[in-house]
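Participant: Once you've looked at the hints, dock chain S against the given chain C.
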Amino acid sequence: MRDFTTLILGGVVLLLAGAAWRSGGWELVLAGAVGGVKTLLMVAPLLLCAFLIAGLIQVLLTQEKVAYWLGEGSGWRGILLACISGALIPGGPYVYYPIAAALIRAGASLGVLVAFVSAKSVWPLVRLPLEFALLGPRLTVARLLTTFLIPPLLAFLAQALAGRQIEAIRENLK
Amino acid sequence: MNLATFTLLIPAVVLFAYAWRRGDGSHRRGLASGGRTLLSILPLLLLAFTTIGYVSVLLPQEGLQDLMGPDSGWRGLLRAQGMGMLMPGGPYVVLPLISTLYQLGTGLGATITLVTSWSSLSLLNALWEAHFIGWRFTLIRWTLLLPFPLLVGLLAETWFGGTS
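Protein chains in written order, with this note's numbering: chain C, 1271 to 1444; chain S, 556 to 719.
Keep in mind that a hint or two might mislead.
Listed next, with one range per pair, are the computed distances between beta-carbon atoms [what the hints assert, rightly or not]:
| # | chain 1 | residue 1 | chain 2 | residue 2 | range |
| --- | --- | --- | --- | --- | --- |
| 1 | C | Leu1311 | S | Gly590 | 16 to 26 Å |
| 2 | C | Pro1399 | S | Gln658 | 41 to 51 Å |
| 3 | C | Gly1345 | S | Gly637 | 34 to 44 Å |
| 4 | S | Thr713 | C | Gln1435 | 50 to 60 Å |
| 5 | S | Tyr573 | C | Gly1345 | 19 to 29 Å |
| 6 | C | Gly1288 | S | Gly578 | 37 to 47 Å |
| 7 | C | Trp1296 | S | Asp579 | 21 to 31 Å |
| 8 | C | Leu1414 | S | Thr698 | 33 to 43 Å |
If you are wondering where the hints come from, they were derived from the structure by calculation, not from laboratory data. For glycine and all other residues, C-beta sits at the position ideal for the given N, C-alpha and C.
The following block holds chain C by itself, in its conformation from the complex (with noise of 0.2 Å):
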């Protein structure tokens, strides 16, 4: 799987090059390139960070306390925990996802995992001062009131019509 991801970004980035090269000759080839690598450079303390958190969670939290605390017996209560989770937990997709899948391993439900990757994306604590500053009160207010169920309902969704697969999911992170 994982080879399998990195030849699509690799057939990405090719193509993306190819376009630059075709826009703006060697030199935006270059600026995207370096551009890239300097987000990286600037996200990297973070990614320690999300590394180490991550390899202490799976350490740390052993199946039967997150059985408890996010696991499928503790029903409303559990996805509620797990969107509060998903808002605080900063960085990105690296971060959370790694996370995510040490859940999992620990013996979380699907309504959990989706309670926790859906308040991510629409809850994020860490975002909002960048999203009040950028895009303003007044859409950064609108956005969250009309966003503000879909974590829970979504895990509530998932829980009811599919809760079952999570076993393969389970199995196939093994």
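Facilitator: Coordinates of chain S only, in the frame set by chain C:
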């Protein structure tokens, strides 16, 4: 050090201290496990960030606003949803871009659809998700979420209407 790094440093330090105090070597095992994951996805990281670099130098910004203005209706919202899915990168790359579009005349509903679609349905993000968790989970979450950015945009346009 920015806010995100600082916010992330706190749980890292707290967790590490907790693991260290347990005195069973779990702090070292945690460190090793995190380090292994980081090393194994390093090539993927480089590729992903190069993609972000290229899209931000290539994306045409002019003319887009006509397609997603306040009077573009549900078609405008649909375009916003599609565009949001294609936008790669984190908030530091995408939000400034969306803010530019908003200032150029993209409607409130379309802008909210754009933000929601990018943050929850982004294809680059789906690749990460499939990579770490598997295609099955991505498919379930993605399918369930698909109508929401459009609905949220419609709702926002109805409740908060017009342009600023």
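Participant: Which numbered hints are broken by the structure, listed smallest first?
Facilitator: 2, 4, 6, 7, 8
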